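> Numbered continuously in the working numbering, the sequence shown closes out at residue 537.
The set of hints was computed from the structure by calculation and includes no laboratory data. Hints should not be assumed to be uniformly reliable.
[What the hints assert, rightly or not] Below, a list of computed lysine-lysine pairs in the DSSO-like style, where the Cα atoms sit at most 30 Å apart: (1) 446 - 431; (2) 334 - 306; (3) 334 - 390; (4) 334 - 138; (5) 431 - 256; (6) 334 - 316; (7) 421 - 283; (8) 421 - 431; (9) 316 - 235; (10) 256 - 446; (11) 256 - 390; (12) 306 - 466; (13) 138 - 372.
[Unchecked claim] Computed Cβ-Cβ distance ranges for the label pairs, DEER-style: (14) 506 - 462: 30 to 38 Å; (15) 445 - 510: 18 to 26 Å; (16) 349 - 489: 44 to 52 Å; (17) 404 - 244: 40 to 48 Å; (18) 324 - 205: 37 to 45 Å; (19) 523 - 333: 30 to 38 Å; (20) 242 - 404: 43 to 51 Å; (21) 421 - 520: 17 to 25 Å; (22) 516 - 392: 38 to 46 Å.
Fair warning: this is a prediction, and the values are worked out from it, not measured in the lab. Heads up, the beta-carbon is just placed ideally off N, CA and C, and yes, glycines get one too.
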Amino acid sequence: MKTARAVVVGTLAAGAIAAGVAAFAASPRAASMTADRAFASLGERGMAMLGSSEGAGRDARPVPVLSKRFPGYAAPFSGRFERIGEWPEHWLVKCSKHVVCEQSHLGAFLGSRDAPAPYANPLGHGLPRGYVRPDQARINEFISTWDSNARQAHGGVYELPQAGKAKMVAMAHNSAYFYNFVHVPKAGGSYFSITVLMEALERSGEHHGYPYKLTHEPVSHWITLPQVDLTQTNVKETYTHFQEGKPEGIFGPENTKQMYKEGKRMFGKGQFGMGLCGVIHAPCVYLTVLRDPVERYLSHYKYSCLAGSEGAAQWLPEWKELDRCPLDPIEFMDYLGPNLDWTIELAPGAKNAQERMETAKRNLDSNCLRYLILEKYEDGLDKLGATYADFLFLNKEPAKERHKKKNEKAKNAGHGVSEGEQDRFDIYMKNQTIVDAIAARHAKMKEVYDYAVAKYEANWARAPGSC
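Modelling step: build the complete structure from the supplied sequences, incorporating the hints.
In structure tokens form, the structure reads like this:
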């Protein structure tokens with residue numbers, strides 16, 4: 071079982087890291103880093119490995135990218151989170167000349183479509199060959215099972231308490247112990263995770279200590295390290311560890327209470343974290359980022375189908391043979407199955423789209439959930455910094471300056487489609503049948519989004535509570 075988890079870690083981490091490279095490169099935080107920490111972010115280190123003058127030309131001094139325990143191997147986010155300890159072996163990538171990683175591993179590490187398959191562990195430990203990345207059918211099966219299990223566990227749809235829920239230790243100073251980020255794909259979540267959550271995690275850890283070490287079980291197999299893993303791969307195990315309080319030194323109730331008082335904090339990330347706060351014994355809040363559903367879907371279609379991003383993660387083998395995703399936007403909606411409807415993540419256990427819509431609205435109203443809206447991103451970051459003490463750093467730079475820096479860096483970031491695929495997309499968007507079908511399939515989701523926009527100010531105006 072441990073080996074199987076390691077296989078998943080090594081493979082999916084590549085795609086997860088790749089998604090963060092462009093997002094972090096667009097970060098306003100990256101621009102403000104000092105020279106001696108120029109390669110502290112994965113995004114900038116990624117640019118250096120690819121030979122970008124923007125990343126490599128900052129400082130002529132040796133770049134601290136190597137693993138301490140394994141000289142010659144680079145670790146993600148080198149130079150950051152040092153007090154959490156050395157990175158697990160299966161995250162390391164062999165490098166030469168202290169900067170440039172070997173090409174045989176570089177593609178896999180950055181999630182390239184041309185990456186070797188399967189991902190080969192540079193150290194040769196725990197990653198037997200033959201692993202195949204989970205396909206969309208398996209993803210859909212997991213979502214359906216997770217949704218069904220949530221309904222059984224809660225006797226129906228999962229609904230957040232409107233006023234929050236008392237914990238064994240009360241929330242103090244508008245600060246939670248666990249920040250549970252429910253990641254709606256293609257809604258600005260990668261940027262939020264790789265920049266905002268990572269910075270909050272590092273700041274709290276450096277000031278008060280980290281609640282776990284990177285190489286400890288089960289932490290070492292989380293694919294969202296150093297954040298708590300709430301992805302398809304490990305969410306069930308993560309939930310069980312919190313529910314049973316084992317290992318006690320990380321998840322035990324009394325230990326959790328003590329760590330909260332000491333200022334230690336946890337930050338979780340993944341699509342399937344809704345419900346986890348119910349088994350955490352200290353103050354816990356949900357965070358998410360929402361986006362206009364039609365715009366979100368079209369972005370997903372271009373990113374995953376047309377561009378084949380993250381190593382063509384959602385392509386079938388025959389599409390890889392063709393070197394293209396042949397589906398039009400309507401066909402791709404059918405292909406995504408339940409993964410199309412992100413309200414499942416906000417209201418797991420609902421029996422149909424109508425119940426998901428109604429429950430998602432109520433959950434967005436809960437005082438232990440706060441949401442940002444992509445179209446008001448900078449304002450949402452300001453509100454987050456003003457609401458929770460652990461994000462106070464967000465208010466130290468004016469929103470206009472953050473927005474300006476982000477836009478400047480975003481010009482060269484992202485996974486764009488080719489000119490030919492863009493032409494293909496434009497043709498689809500001139501077809502009224504396709505446009506109408508997309509709008510119809512997203513009608514319930516649009517209702518939830520419109521409700522969130524209408525209640526946005528009220529959601530942030532209240533003093534925060536805990537679930």
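> Run every hint past the structure and note whether it holds.
Okay, the hints, checked on the actual structure:
1. A threshold of 30 Å between alpha carbons decides the hint, and for residue 446 with residue 431 the separation of about 19 Å falls inside it, so the pair holds.
2. Distance hint between residue 334 and residue 306 is fulfilled; the C-alpha atoms sit about 24 Å from each other, no more than 30 Å.
3. Our distance criterion of 30 Å between C-alpha atoms is broken by residue 334 and residue 390, whose separation comes to about 45 Å.
4. Distance hint between residue 334 and residue 138 is fulfilled; the C-alpha atoms sit about 25 Å from each other, no more than 30 Å.
5. Only pairs whose Cα atoms come within 30 Å are accepted, and residue 431 paired with residue 256 is accepted, the gap being roughly 20 Å.
6. Distance hint between residue 334 and residue 316 is fulfilled; the C-alpha atoms sit about 18 Å from each other, no more than 30 Å.
7. With a C-alpha separation of about 40 Å, the suggested pair residue 421 and residue 283 falls outside the 30 Å cut-off, and the hint is violated.
8. Simply put, residue 421 and residue 431 have alpha-carbon atoms about 15 Å apart, close enough for the 30 Å limit, and the pair holds.
9. The suggested pairing of residue 316 with residue 235 holds, with an alpha-carbon distance near 23 Å, which does not exceed 30 Å.
10. Restraint check: the Cα-Cα separation between residue 256 and residue 446 comes to about 15 Å, which is no more than 30 Å; the hinted pair holds.
11. In summary, the hint linking residue 256 to residue 390 is supported, as the alpha carbons are separated by about 22 Å, within the 30 Å threshold.
12. With a CA separation close to 37 Å, the supplied pair residue 306 and residue 466 exceeds the 30 Å bound.
13. With a C-alpha separation of about 40 Å, the suggested pairing of residue 138 with residue 372 is violated against the 30 Å cut-off.
14. Checked against the given bound of 30 to 38 Å, the beta carbons of residue 506 and residue 462, roughly 46 Å apart, lie outside it.
15. Checked against the hint of 18 to 26 Å, the pair residue 445 and residue 510 passes, with Cβ atoms roughly 22 Å apart.
16. For residue 349 and residue 489, the hinted distance range of 44 to 52 Å is satisfied, since their beta carbons lie about 50 Å from each other.
17. At about 44 Å, the beta-carbon gap between residue 404 and residue 244 stays in the expected band of 40 to 48 Å.
18. Look at residue 324 against residue 205: about 43 Å separates their beta carbons, and that is inside 37 to 45 Å.
19. For the pair residue 523 and residue 333, the beta carbons lie near 35 Å from each other, so the given range of 30 to 38 Å is met.
20. At roughly 49 Å, the beta-carbon separation of residue 242 and residue 404 lies within the given 43 to 51 Å, and the hint holds.
21. Remark: the range hint 17 to 25 Å for residue 421 to residue 520 is upheld by a beta-carbon distance near 23 Å.
22. At roughly 33 Å, the beta-carbon separation of residue 516 and residue 392 lies outside the given 38 to 46 Å, and the hint is violated.
Consistency with the previously given hints fails for numbers 3, 7, 12, 13, 14 and 22, ordered from lowest to highest.
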